[in-house]
Each structure stands twice: as structure tokens, then as C-alpha cells.
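Residue numbers (our numbering), protein chains in the order written: chain A, 161 to 460; chain B, 161 to 460; chain C, 12 to 295; chain D, 12 to 295.
What the hints contain is simulated information worked out from the structure, not anything from laboratory work.
Nothing here was measured: the structure is a model prediction, and the numbers come from that model.
Treat the hints with care, as some may be off.
[Claimed, not checked] Below, a list of computed lysine-lysine pairs in the DSS-like style, where the Cα atoms sit at most 25 Å apart:
1) D:Lys293 to A:Lys248
2) A:Lys361 to D:Lys42
3) C:Lys293 to B:Lys207
4) A:Lys390 to A:Lys440
5) A:Lys440 to B:Lys361
6) A:Lys361 to D:Lys110
7) D:Lys202 to D:Lys235
8) C:Lys42 to B:Lys237
9) B:Lys168 to B:Lys306
10) B:Lys361 to C:Lys166
11) C:Lys206 to C:Lys231
12) A:Lys248 to A:Lys207
13) A:Lys249 to D:Lys110
14) B:Lys248 to C:Lys293
15) C:Lys42 to B:Lys249
16) B:Lys249 to C:Lys52
Residues per chain are reported as follows:
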Amino acid sequence: MLKIKLGKIKMRNPLMLASGILCNGSLLKRAATEGGAGAVVTKSLTKEVREGYHTPVVVGVEGGLINAVGLANPGYKAYLAEDLPLAKKGRAPVIVSVAGRNVEEFEEISVAAAEAGADAVELNLSCPHVNKHGMEIGADPATVAKIVEGVREALEIPVYVKLGLSDRFTESAVSAQDAGADAVVAINTVKAMAIDVEARKPVLANIYGGLSGPAIHPIALRCVFELYQKLSIPIIGCGGVSDWRTALDFLMAGASAVQVGSTLAVKGIGIFREIEAGIKNYLVRNQFRSVEEVIGIAHR
Amino acid sequence: MLKIKLGKIKMRNPLMLASGILCNGSLLKRAATEGGAGAVVTKSLTKEVREGYHTPVVVGVEGGLINAVGLANPGYKAYLAEDLPLAKKGRAPVIVSVAGRNVEEFEEISVAAAEAGADAVELNLSCPHVNKHGMEIGADPATVAKIVEGVREALEIPVYVKLGLSDRFTESAVSAQDAGADAVVAINTVKAMAIDVEARKPVLANIYGGLSGPAIHPIALRCVFELYQKLSIPIIGCGGVSDWRTALDFLMAGASAVQVGSTLAVKGIGIFREIEAGIKNYLVRNQFRSVEEVIGIAHR
Amino acid sequence: MQEKSPTKSQDKSVGKDQSFNSFGFLPARIKRTIGENSKVKSFYLEYSGTLPRPGQFFMVWLPGFEEVPMSLSDAGDGFVRISVSNEGPTTAELHRLRKGDRVFLRGPFGNGFSLDESPLLLVGGGYGSAPLIYAAKMVSSSGGRCTYLVGARCKEELLFVDEARGMGIKSIVATEDGSEGYRGLVTDLIKSELKKGRYQAVLTCGPEQMMYEVVRQGVKQGIKVQASLERYMKCGFGICGSCVLDPLGLRVCSDGPVFDGSLLLKTDFGKRKREASGAQVKLC
Amino acid sequence: MQEKSPTKSQDKSVGKDQSFNSFGFLPARIKRTIGENSKVKSFYLEYSGTLPRPGQFFMVWLPGFEEVPMSLSDAGDGFVRISVSNEGPTTAELHRLRKGDRVFLRGPFGNGFSLDESPLLLVGGGYGSAPLIYAAKMVSSSGGRCTYLVGARCKEELLFVDEARGMGIKSIVATEDGSEGYRGLVTDLIKSELKKGRYQAVLTCGPEQMMYEVVRQGVKQGIKVQASLERYMKCGFGICGSCVLDPLGLRVCSDGPVFDGSLLLKTDFGKRKREASGAQVKLC
Ligand SMILES: Cc1cc2nc3c(=O)[nH]c(=O)nc-3n(C[C@H](O)[C@H](O)[C@H](O)COP(=O)(O)OP(=O)(O)OC[C@H]3O[C@@H](n4cnc5c(N)ncnc54)[C@H](O)[C@@H]3O)c2cc1C
Ligand SMILES: Cc1cc2nc3c(=O)[nH]c(=O)nc-3n(C[C@H](O)[C@H](O)[C@H](O)COP(=O)(O)OP(=O)(O)OC[C@H]3O[C@@H](n4cnc5c(N)ncnc54)[C@H](O)[C@@H]3O)c2cc1C
Ligand SMILES: Cc1cc2nc3c(=O)[nH]c(=O)nc-3n(C[C@H](O)[C@H](O)[C@H](O)COP(=O)(O)O)c2cc1C
Ligand SMILES: Cc1cc2nc3c(=O)[nH]c(=O)nc-3n(C[C@H](O)[C@H](O)[C@H](O)COP(=O)(O)O)c2cc1C
Ligand code: FES
Ligand code: FES
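Sequences and hints are given; from them, build the entire structure.
Next comes the structure, spelled out in C-alpha cells:
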């Protein structure tokens, strides 16, 4: 009832672990097996090893988290060699998130991911707090097209494009579609910050970070709704999913799948099963036969 | 201790009622007298009478409200004739918010407001859900300059510019400053939406609305912090102030005053006094002599 | 110098610390419908929140149509009742709903009547009787006494008279065509009824001109009148300002809808109101 | 087919429904500082939250420096104590703080030791003794029994031995230079101490190689060992994954820091760890 097909990828439910959450291979496996995620996305991988920013890198605020992890990762080679195999043991599709600084890096990492057995790649064109890897890419439809075209040509597996909030958000998405993207993930975190009034200082070492969690859900929902009117490729909703309702409203807005991130901090790894049960219950109660029937229903 | 001077305008505290909240003259008076606001901003006034959108025009979500009131107002002439005098009885500065569709309308309404006794005008260049009156203005630095120049030349009283979240947000603010704006208000609501999963429909009659409340505070705070590094004119923080801490962090980020909106829905009109008391307490506890000493302190 | 507002105590929301979530909608299934007269239909709705007080109201949304305020005409274990007069597009569509259909509710909002005094005179006109019949139920179930004074064009249009009588509540009726009770308007009866001097307080709801007359009579005779008002509402919880009573800045949705009559006389009550745009117009 | 994970019960956060706000910082004023030895300094911090359990930790932020995890070495009415070893920039700066200065805390995080069994053997090395001395206090105040086995380079570097003795807790000491107690390493003493057969369980915290030896001995002799681990931590509440134990995917911050020894033997414990980048490196 909750099974979906996202292009070539089959998922037992439309719930994915979002990129950068839990992130290491063995935890991705756990999100799939113990947590019940239908698919998992890796940490965004860069060409070189990155320690990320100094701590604090994440802080809780009302309705969410602000993080500036700074794309910490051991570099794509180490990750694909050591973490990807662990992640794949979860037997759910593993999507490798890729963060390059230019077309060549996106290609290089994506190709390596495909060779290492990734089920798909997700191009992170929208990190709001890392120079060169950031929002400036996804906010410019022409750059989006260039990167997606490059990766698309070099790859057999599906290519997803993750976009963040920007003025030309839908344009960038259309541009990704035209360049051959198989799905668009919307949205990444929204640039934000926290100041501690007792410390009289910004909390994050990087000052700026990205806001995630329930706080951004209404914004993300709007983005998905808008995309559904413009795109023919699937949309993957991301941002503030905290229960079955907020997962379902994404689907109704037009998402074919949703990603869950910050909520794991307050509800644990089992959140996927909890959401799955809630959606199933809703579908039964409302006489739907499959979750696919509710996709985009809010537009009718 | 909490007194501030915002250019020519003297306020007994740095707390203002945000535009569109309570909105009618007699309620603005009440916000000042009973509520304790240091200044009040009127509903955004348009040239013609506007009924606004069909209901629902506002809905509560986790951490905030989404509204698409649609700039309902009786037209600037009626408002300035009937509501402004009532508002002025509150004896706190009254700032008239202006929403034109072009330079001429902004000028016409602003001039009329000044003549009617407004202490300042706030140009709303950022309503996220009304065509022609909307975000597209504030997101374009050139248009911002044109409007501000026009109004600035025609007016003696201070001109504030209210901007919303956009890619070129700081550019627009700098452009407003260069064109003679006396202060920048940051930020307006963020375009968002809500879907009711039981109704399977967008909740707001207008589908899209603007997200306000604690949910957007970390985003607004970031905007103020960024502006402080670029502007020399005062900044007025707006977005998700819910208590003395969230008012104070705005000040520390560089705001000279803050506006309070959505929180009135959950904490009532008396919220201004509550915040005032909290800030005073903080200042005393930390041996500050004046609230002006904390402005921008998070940058040091 | 800070002016002390006479309305200070009116802001019921101060310090209430509700959550924004409570301004979202909840679906409510219709359990039963009853035609009350040619214009008014009652809906029993499934409801499991805290019991609302008489005079409180819900914002009722019918997806595809508008969201409109509706007082409660009854409430109890697992249900609330609204009694809807067919006045325009949304209320007409509400009338088409049947058992099992759903509406969407936010609320309860507003302050509600104070029912501490006894005996009470309840003066209703049109669908304004809705909150009064719920008040009558609460009063009689808590051992208080009240009289239900109600008017209509003709006998068939009278609202909740049988219901009141069924609860053993004395009902005084006025019809314009004389088909039942006194021939004329309820306002004709107020003066003499109040003169009897038995009532500790009056609750009233109905057309504003009627309430204005009731308030005037009550004030004249030194009897407290609580009137439940209507104004154009957009939010229902005190943020938008559209339901304001000038010049005191009272919000019908959250400072009211029930106000003390003598406070109302310091406002535009009975004279002017605001339209959806906020424009002030003469009451007609 | 869904695989049943052996670690299912490890996710302490499931259904906990904390709020995001609880991952923000609270300031804590230093009430008192005590030098414990040449490297370790204890700080009594004002604290009014719920009493943390031994083995739980705080993320401690010093604005301008980093945020680092610190176990509690004591806690009680209105205070918590951390005992900080000077290891690098942030801990060095912490050592410069005095009474009245403030640090910023998030937490308490993690599961903590289970103290149900008695008698317990507590095996500590270096600042790893911190959570153990707090555990010892809890055990003895609730009427349980325990022995405190601790090692250091020399007599002067021994941690919390006086404190343990002050509580009437038997302490066994090993120094590398023989300046007090046994000459050698604590791990030399484990085998014989466990052989005595009196202990229901062992709690250990200290250098990973030491804990590895303790766990190995415990498992060999059929005695349950709880070990409190350290891994590079970025969030402290289970979201970032940086503190993972492979290949089971156990998060030291939220599934631990205390783990059952036999579970640990199925992981990289004692062999490999992850750096700040997530890169896996050999433990040295
Ligand atoms: C506190 C309160 C309690 C009410 N209780 C009841 C009740 O118990 N039963 C009942 O039948 N009616 C009640 N009403 C009136 C009811 O809300 C209107 O009849 C309804 O909104 C009409 O909507 P419509 O779309 O069917 O008609 P429309 O053609 O849109 O309007 C018909 C009339 O209703 C008024 N109205 C429309 N929308 C609103 C609104 N959002 N807020 C206030 N007035 C509006 C219009 O000004 C007009 O006078 C109450 C109103 C208020 C303010
Ligand atoms: C659960 C837990 C409890 C701890 N309890 C205590 C304690 O009670 N007393 C005590 O003195 N120390 C404790 N530590 C260790 C302490 O966190 C590090 O010594 C401290 O982070 C060093 O920071 P620095 O900037 O001073 O030194 P650096 O030069 O940055 O680092 C010195 C060492 O500390 C490690 N380290 C640095 N940052 C972190 C981090 N964010 N998370 C984990 N390790 C880090 C480094 O890998 C290195 O090995 C604990 C660690 C963990 C994980
Ligand atoms: C700690 C943390 C780390 C993240 N790291 C990444 C990342 O490496 N790549 C990426 O595309 N998104 C990253 N994100 C963003 C999430 O994938 C997701 O887009 C965002 O958190 C919104 O979803 P949520 O509200 O469900 O958390 C990170 C988020 C958090 C909280
Ligand atoms: C119901 C409502 C109506 C609003 N109307 C206006 C308006 O007319 N003009 C304007 O500039 N902002 C308007 N706003 C935006 C607020 O002034 C403010 O920028 C926003 O709500 C963020 O502040 P807050 O989080 O404190 O509410 C409105 C907000 C709400 C909730
Ligand atoms: S309806 Fe919005 S304030 Fe009353
Ligand atoms: S420190 Fe982030 S998961 Fe443990």
C-alpha cells in the first residue's frame, strides 16, 4: 500500500532519510532496518576530506535546528569505500549526495558513486552555509543546467537535484528537469542564525547556518506545491516532516516521496515506522488503495 | 533605560507593533496605551479600497501563522481620515505603512500620510502574497531605489523600507539606503502554505500566504545581522519576536528597534510590557545603562 | 505618562500562552442535522475538545467555500451544535450538508456569557437565539433560573421555543404577524418585562438594533445587560483587527463577543460597523 | 524482509518527544573550582534542571572557543560538577576560568550507567574517573557497595581517591612509578580483582585500550561490564552521526555513552574510531 516507484527505484515506503542526518554507513543501515526508511541519502560527499566547522555546529531553536556542519566528510573515496557498503546492508536504496565545487567535481564524484553501487545520486546544489558548495549554485538556473547535463551524460543511475529556497527556485528546477534530472528534492535548510543573549554572541562557530525542522515546513510545502505545477519529473519533499500529517501534506502537494531529517533528534530513528503507520491508517480510513493516489491531490 | 531615538522619532521603548496586526486606529491606540508599544505601524494602505481575500485568510501552524489577508484596507483616504486620528491618541509614534503598485502610488499615499500627521512612513516592498504589491518589488534593488527616491524627495518625515527575504536582500537594503531611506525593516513574512490533509486542500483561500512567528525568527535574525554589516542607517528587526530574548537578540544582531506581530495572538496585547520588563531586567542584571549599548553587540 | 485604558481587563488572551497550533483546523463530522425553521438548520458535530461556554463560537470552514463564525447553540459530551441561518454562499452550502459530511473547526474562541446571576432574562432575535438556548441549558442544569424572550416574523420562524419549554424554561414569544404570543417585536416587551424587576441580568443576542434597544432599556432600569455581538471576522483570535469596536478598540472575537452593555454604549455599537475592507459604514 | 537489528533497544530517543528547544544552550555560572591534579580541574556549576545520572554528559560551550562533551563527576541540589583535563585549546581556556565566570551547557545527554547491581567494581583511568566517582556517590548513598580501582602515572596524578575514601568506598590504586599502591597499570589488577568473584558488574571509563582490556576480562569471567565511551561529538543528541560505533551504527552520544561490553565487542571498540571528518582511523 505504501510502496512507490521513483523512476527506476523501488521503495517499500516513500520515506527517505535526509542527507547529512546520521550520515555514516552503519547508521544509514540502521535507519533502513531498525528505523524503517524506504531509502537513505548519504552525507554530501566532497572531493577532499573536510573536517567541517568548529563546534558548535548545531543548535536547537523553537521549531527546529540550525546547523553549520560544514559538509564534514572523509572525502568521497573513503566514504564510497568504507561507508557505502555498510549503508547498502540496510537493503533499502542508497542515494549518494554529491557536493562539488564545479561541473567536473560533480561528475567525478557521481561517477565514482555509481561505480561503487549507489542507487542514485542527489546533487546538493543548495548548502546555505558553505562557500563554493552553496546556494549560489542552485539559485542560478544556468549553472544548474550545466551541472545536471554534465552528470546526466556520465551516468546511468537516476540523478536527483536538491534545491534550496531562492528567488528563482522554480526556474532552477525546470532547468534541472530540462537538463535531464530524474527528480528534484525540495528544499534544503534556509540560511539562518542564532544568537545567545547571555553570551552576546552568535552560537554557531560559523555564525550562519541552515534552519531545518517544523519551522520551515510551510515554506517547503509551498515550494513543492509550486513545483508540481511546473514539473513532470517526480518531486521529493524535504523540510520539517515531523509526523504522518506533515509527510502526507507533502505528498498531497505533489511530492512522490519525502525526506525526514531533524525530527530524528526529537523522535528517534523509529520515526519512519511511526509515519508509515500513520499514513497507512489514513489511507485505509479514507479508502485509498495506494499512497500514489494521494500524490498531488491538493491540486484537484 | 529603554528609551531610544530612531532618527527624529523618539520612542519610550524599542518595541513596535508590526504592520497589519490589530491594524485599525482604535486598536493601534490600545497597543500603545494598554499594550505599551513604543510605536505602532498601521495596516499597509493601498490607493483603492481592498476587501482582501476570501476566508480563511490566516491559519496557525507549528511555531507561527500563515496569512494571506490580501492587504485588506479601506483605502488610504478613508484610513487616514478615520483611523489615523484614533491611532494617534495612543501618543506613541504612528508609522503609516504604504503599499503602492508603482512609484506614483507610493508617493501619493506617503504624501497624504505625512499631511495627515504620520510620524513616518514604512514602504511595504515585500508582501509575499499580493500581485503587483509584492515581493517582486523588494527583490529588485533597482526598483527599490526608484521608489525610495521618489518618496524621499516628496517627504519631510522619515521613510522606512520594509523588505522581505530574497536572494538580493542586502543589495536591496543598500539600494534603499543610498536612495535616502531612514531605516530598513527586516523582514516581512516568508511565502508559505498549509494543506489540510483531511480536507485534502490548501487551507488559505489564496493558497499561498506568508509565514510569520517564531518559525521565521532565525531567518530574520540572520537578515538583520547581515544588514548591520552593510548599512549605516538603523535597522528595525521584525519576525518571530515572542519574548524578551528574541527581541534582545535582534538588538544584539544590530537592530535599533524591533516589531512584534504574530505573538500577540498567543500572548495578548500586553506582550510589549512583558518584553520591556524582560529587557530592562537583563540590562540591569548585566550593568548596561541603556538599551542602546546592546545594539550590534553580537558583532564584537 | 501612560494612559490607563478602561478596557485593560478585556484582553482575555494576555498571559494565556496558547500555541499557534491551536489556530489550525480540526475536522468535525456531522452526526445529525435538524431543520429549525425555513432559514435555520442545526448541525450536531462530533467534538472532543474541552466543553465550550455559551457565547463562545467556532470558525467553521467548508473547503471550497469560506470560513465563517458560528456560535454554539448546544454542546455536551462528544458534540457541539451550531445553528446556521442561510444567509449567503457559505451558509447555503452548509445547509446542503448531511449526516457523515465534515466541516472544519477552529476554536472555541471568545469569552462567552457570564452565568453567575439568577434569574436571567434571555432576549433573542433571529439566529441570535443560538447562544441563548445553550446558555439557557447551562443555567437550568446548574439550578439557575431564566426566562427566554424571543421574537420572529411568524410562529413557524420561532427558534428554540419548544427546546426551551422542554427544559422547563419560561418562554415569552412575540411574532410580527401575531400567529403566536404577543403581536409585535420583542423590543416592545422588554420594558415591561424588565419593569417586573425580577431579573438580575439580561443576556441578549440578535440583530444589533434589537440589542441596542435591550441595552438601552437595561441601562435605564439599572440592570446589567450582556450582549453578544457580530462583526466581520477574519481571524477569530484577535490578530487581524477586522472585528473591532471603535473607538475603544475592542475586538469582538477575543475581547468579546459578549460585552457589558454599558461598555458598548461607549462604542459604535448600534451605530456603525466595519466591512471586510475595514471601511466604516453606518449600521442599517 | 525487514532485518531485526540487535541494537533496536539502544535508541533511547524513540518516542521521547523532546523539543528542539532542549538542544539550545543555557548559561551556568561557576560556583567553585578545585584543582584535582596537574591536568584536571573541577568546576562546580550552577544548575537547576533535573538531576543528571552518572555517565550522562553535557556539551559545554565556551563562546569564542569550541563546544566539548564533558561527563559529570558529581551533581546535587543546584549544581553539577565537571572535571576537565587540559587537552587542547578549549579545555585549556576552561582551566583559566574562575568562580563567577560562565560556561554554556546543553544536556544532560546520553543514557548513563545502570547502578542496579551490587557490589560494583569501578575501573577508572585518567579523567575517565569523572563519571565513576559520581556513580560511586550514587551507589553509596543508595546503600549499594562498590570498589574504586584507579590508576595514574604517580601518586599526585591520582584522581578522586580521597573523595572515594571520604565516602567510605574501598579504593585500590595503581601507579606507574609505584608512588602509591600497586606499581603498574590498573589493567594488571583487573584479572585478580575480578577473580575474587565478589562483583556483580563492572563499570569502566578511561583510555579505550584500558577499557578494552577490562571488557575482555569481564566477558571472559562472565561478569557484565558497562563501559563509558568517547567519540568525536558534534551534536550530542544523535542527529549528526559523528560519534558512531561501526558497524552496528551505535551513537555514543545518544545510544551511549555507556554500552554493554559484549555489545561493544561486536564493534570497532578498541580498534578504530572516526575523526571529525568522519574518516575512520586506527585507535592508538
Ligand atoms: C460571533 C459570531 C457568531 C455568529 N453566530 C452565528 C450563528 O450561530 N448562526 C448563524 O447562522 N450565523 C452566525 N453568525 C453570522 C454568520 O457568520 C454569517 O451569517 C455568515 O458568515 C454568512 O456567510 P455566507 O458566506 O453564507 O454569506 P455572505 O453572503 O458572505 O454574508 C452574509 C452576511 O454575513 C456576514 N458575514 C459574512 N462573512 C462573515 C464573517 N467572516 N464574519 C462575520 N460576518 C460575516 C456578511 O457581512 C453579511 O452580513 C455569527 C457571526 C459572528 C460574528
Ligand atoms: C562522552 C564524553 C565525555 C567526556 N568527558 C570528559 C570529562 O569528564 N573530562 C574531560 O576532561 N574530558 C572529557 N571528554 C573529552 C573532552 O571532550 C575532550 O578532551 C575535549 O573535547 C578536548 O577539547 P580541546 O579543544 O581542549 O582539545 P583538542 O585539541 O581539540 O582535542 C584534544 C582531544 O580531544 C578530542 N576532542 C576534541 N573535540 C572533541 C569533541 N567535540 N568530542 C569528542 N572529543 C573531542 C580530540 O579528538 C583530541 O583527542 C569527554 C568526551 C566525551 C565524548
Ligand atoms: C545536521 C544536519 C546536517 C545536514 N547535512 C546535509 C548535507 O550534508 N547535505 C544536504 O544536502 N543536506 C544536509 N542537511 C539538510 C537536510 O538534508 C534537510 O534538507 C534539511 O534538514 C531539511 O529537512 P528536515 O527539516 O527534515 O531536517 C543537513 C541537515 C542537518 C540538520
Ligand atoms: C495577519 C497579518 C497581517 C499582516 N499584514 C501586513 C501588512 O499589511 N503589511 C506588512 O508590511 N506586513 C504585514 N504583515 C507582516 C507583519 O507585519 C510582520 O512582518 C510579520 O508578521 C513577521 O513578524 P511576526 O513574526 O512578529 O509576526 C502581516 C502579518 C500578519 C500575521
Ligand atoms: S477577527 Fe481578527 S481580530 Fe477579531
Ligand atoms: S554527536 Fe552527533 S550523533 Fe552523536
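Each hint, compared with the structure:
no.	hint	result
1	D:Lys293 to A:Lys248	holds (23 Å)
2	A:Lys361 to D:Lys42	holds (23 Å)
3	C:Lys293 to B:Lys207	holds (22 Å)
4	A:Lys390 to A:Lys440	violated (29 Å)
5	A:Lys440 to B:Lys361	holds (19 Å)
6	A:Lys361 to D:Lys110	holds (21 Å)
7	D:Lys202 to D:Lys235	holds (14 Å)
8	C:Lys42 to B:Lys237	violated (49 Å)
9	B:Lys168 to B:Lys306	holds (24 Å)
10	B:Lys361 to C:Lys166	violated (42 Å)
11	C:Lys206 to C:Lys231	holds (11 Å)
12	A:Lys248 to A:Lys207	holds (21 Å)
13	A:Lys249 to D:Lys110	violated (52 Å)
14	B:Lys248 to C:Lys293	holds (23 Å)
15	C:Lys42 to B:Lys249	violated (50 Å)
16	B:Lys249 to C:Lys52	violated (45 Å)
Hints 4, 8, 10, 13, 15, 16 from the list above are not met by this structure, while the remaining hints are.
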